[in-house]
Amino acid sequence: MESLMAYVVGILFAAAIYMMLRRSIVKLVIGLMILSNAANLLIFVVSGMTRGAPPLLPAGAEAPASAIADPLPQALILTAIVIAFGVLAFAVVLIRRAYEVVGTDDLDQMKDTDT
Amino acid sequence: MNLELALPILIPLLSGALSLALWRSVRYQRILAVLATALLLAASVWLVRSTMEEGFLVMEMGSWPAPFSIVFVSDILSAIMIVLTGIIGLAIAVYSLASTPSGHEKFGYYPLMHLLLAGVAGSFLTGDIFNLFVWFEVMLLASFALLTLGGERAQMEGAIKYVTLNLFSSAIFLSAVGLLYGTVGTLNMADIAQKVATLEDPGMVTVISMMFMVSFGIKAAAFPLFFWLPASYHTPQVAVSALFAGLLTKVGVYALYRVFTLIFTQDVEYTHTILLWAAALTMLTGVLGAAAQFEFRRILSFHIVSQIGYMILGLALFTPLAIIGGVFYIMHHIIVKTNLFLVSGITYRLLGSYELKDLGGLYKDRPMLALLFLIPALSLAGIPPLSGFFAKFVVIRAGLEAEAYVVTGIALLVGLLTLYSMIKIWAEVFWKKAPEHVESLGALRSEVKRGHKWAYYVPVVGLAACTLYIGLNGQPIYELAEMAADQLMTPELYIEAVLGGAQQ
Numbered sequence: 001m002e003s004l005m006a007y008v009v010g011i012l013f014a015a016a017i018y019m020m021l022r023r024s025i026v027k028l029v030i031g032l033m034i035l036s037n038a039a040n041l042l043i044f045v046v047s048g049m050t051r052g053a054p055p056l057l058p059a060g061a062e063a064p065a066s067a068i069a070d071p072l073p074q075a076l077i078l079t080a081i082v083i084a085f086g087v088l089a090f091a092v093v094l095i096r097r098a099y100e101v102v103g104t105d106d107l108d109q110m111k112d113t114d115t
Numbered sequence: 116m117n118l119e120l121a122l123p124i125l126i127p128l129l130s131g132a133l134s135l136a137l138w139r140s141v142r143y144q145r146i147l148a149v150l151a152t153a154l155l156l157a158a159s160v161w162l163v164r165s166t167m168e169e170g171f172l173v174m175e176m177g178s179w180p181a182p183f184s185i186v187f188v189s190d191i192l193s194a195i196m197i198v199l200t201g202i203i204g205l206a207i208a209v210y211s212l213a214s215t216p217s218g219h220e221k222f223g224y225y226p227l228m229h230l231l232l233a234g235v236a237g238s239f240l241t242g243d244i245f246n247l248f249v250w251f252e253v254m255l256l257a258s259f260a261l262l263t264l265g266g267e268r269a270q271m272e273g274a275i276k277y278v279t280l281n282l283f284s285s286a287i288f289l290s291a292v293g294l295l296y297g298t299v300g301t302l303n304m305a306d307i308a309q310k311v312a313t314l315e316d317p318g319m320v321t322v323i324s325m326m327f328m329v330s331f332g333i334k335a336a337a338f339p340l341f342f343w344l345p346a347s348y349h350t351p352q353v354a355v356s357a358l359f360a361g362l363l364t365k366v367g368v369y370a371l372y373r374v375f376t377l378i379f380t381q382d383v384e385y386t387h388t389i390l391l392w393a394a395a396l397t398m399l400t401g402v403l404g405a406a407a408q409f410e411f412r413r414i415l416s417f418h419i420v421s422q423i424g425y426m427i428l429g430l431a432l433f434t435p436l437a438i439i440g441g442v443f444y445i446m447h448h449i450i451v452k453t454n455l456f457l458v459s460g461i462t463y464r465l466l467g468s469y470e471l472k473d474l475g476g477l478y479k480d481r482p483m484l485a486l487l488f489l490i491p492a493l494s495l496a497g498i499p500p501l502s503g504f505f506a507k508f509v510v511i512r513a514g515l516e517a518e519a520y521v522v523t524g525i526a527l528l529v530g531l532l533t534l535y536s537m538i539k540i541w542a543e544v545f546w547k548k549a550p551e552h553v554e555s556l557g558a559l560r561s562e563v564k565r566g567h568k569w570a571y572y573v574p575v576v577g578l579a580a581c582t583l584y585i586g587l588n589g590q591p592i593y594e595l596a597e598m599a600a601d602q603l604m605t606p607e608l609y610i611e612a613v614l615g616g617a618q619q
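Residue numbers (the numbering used here), protein chains in the order written: chain A, 1 to 115; chain B, 116 to 619.
Be a bit skeptical, because a hint or two may be false.
[Stated by the list, open to error] Okay, derived cross-link-like pairs now, DSSO-like style, lysine-lysine, Cα gap no bigger than 30 angstroms in a straight line:
no.: 1; chain 1: B; residue 1: K568; chain 2: B; residue 2: K548
no.: 2; chain 1: B; residue 1: K539; chain 2: A; residue 2: K111
no.: 3; chain 1: B; residue 1: K472; chain 2: A; residue 2: K111
Treat the hints as calculated values from the structure; they're not laboratory data. These numbers were taken from a predicted model, which means no experiment stands behind them.
Just chain A, with the same shape it has in the complex (with noise of 0.2 angstroms):
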């Protein structure tokens, strides 16, 4: 199961950055998403997928009797999901206000601030 996550991981981060290296700011946020969803997966993945043991104990006990899942990476996954929102949500009305102000989505065309 892990090494099969890994590989979906590999492709997350291969696809985002396919996305983000093309020329349309739609693709480029797109990419972004992904890049996020990717590195939400990684910390999933990297901390240990334990099958079957939620963190719970049973009522009076100290500590538990069985070796259980990690629920702090869940912890820092969702706290990673909500600014990843808030992040995105925001790149999403800045495209849209570019593409209005600029009058294309290609990022060729971006290009009065560069040297």
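Keeping the supplied structure of chain A fixed, place chain B upon it in accordance with the hints.
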């Protein structure tokens, strides 16, 4: 419970919320902005004083013991950075009274400024690597909105590059945090440092350290991923430019200093050599880029890049003297660079342009302004007795002692080229005769707010005074940098301070 440790984050957060509540009344938002940043400065001075007394201040969130809770830690370096945040915050708040167009003020300029300061202060104080990511995002989101406030074409184009590269850097940072957690199973920086030292196979850690280097390198605008900065920093209105120029890239530099002195010291030979060459190339590309520019703020933007190189050079040489130099350089640079941007804002108000070809003749009409430009400009180039001289002197001396002659040579050459750029601005903006098509001083005066002239000059004079103070009275500042460097070079102290409390 150390109140002074929480205040630098709480003050901007609360005042951000408060100025949102005061959305309809720009007047109160403005008063609040100045009051809150002045309070922030006072709190930061309190913080640096008690940090100097105790060495480290540690606060555990929710009173959970250290490796389990999110900790806020202040060592001398953090405290110095917080003081600089306070100084710049206050200067920008006052300057904004005069320079910010009222349209921007009505659409949340002040709340965003407070949030940005909260993000910056949080990044400097947190002792938890994931929390650092969260503060980075707070800071980034506020900076995105500030950068695009106004919605002009150049701003949109600059923002797309800025947003993309910063989000990319955040994704790398997040992945690296995940990998690090998978390797050592903790997020507390002191705890990570302890566990990394005992790891049998440091290869994986070196890989992770490279990811941190790339991520923070993007945020600090180090070579080769600096190009988002000169493409975007000259697009927003000038107070925002100055705020970004002073603080944002330095957060990246601070993060590099933190992780590459505390956590990733397992393979200094390898990691810090890469940093060394990145620093040299950052200095060189930045200054050469600036030499080719003829727009006031764009020249200054490229100089941010080149100056970042000096700071990273201090870290990369990794000797006590070099770290002292690096910390000193950060202190000097933040003040000087913000001041230069503020001066460019005044010339824009007077002549209505940032293009050097449209500027001129200011020495004749505003000799005091010329002097105010000259102080930070010469300081940036490293002319004694201004602050930049001592900063460069310490870094270069450290380079010679470490026998890194090539890099030191580059640093000296870059100093010379910086002087060239500054003289170019001086000659074009102040000395040259005003071009024919420039009608009169104050052509733009009707567009910007009347009055408030003092608000343009007070921050500039104040920051210039700081530069002079650091230059003429360098000893206490040097000693402060020395204390910071001592702590950075003995990470055991940091680990002891954070985790020691848990064992009691």
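Inset, instruction - Starting from K472(B), check that the Cα of K111(A) is at most 30 angstroms away, please. - result: holds, 21 angstroms
Legend entry - Restraint status (C-alpha distance of K539(B) to K111(A) at most 30 angstroms): Since the Cα atoms of K539(B) and K111(A) sit roughly 25 angstroms apart, the hinted pair holds (cutoff 30 angstroms).
Legend entry - K568(B) paired with K548(B) [C-alpha distance capped at 30 angstroms]: Distance ~25 angstroms between K568(B) and K548(B) Cα, so the pair holds.
Of the numbered hints given earlier, the model fails none.
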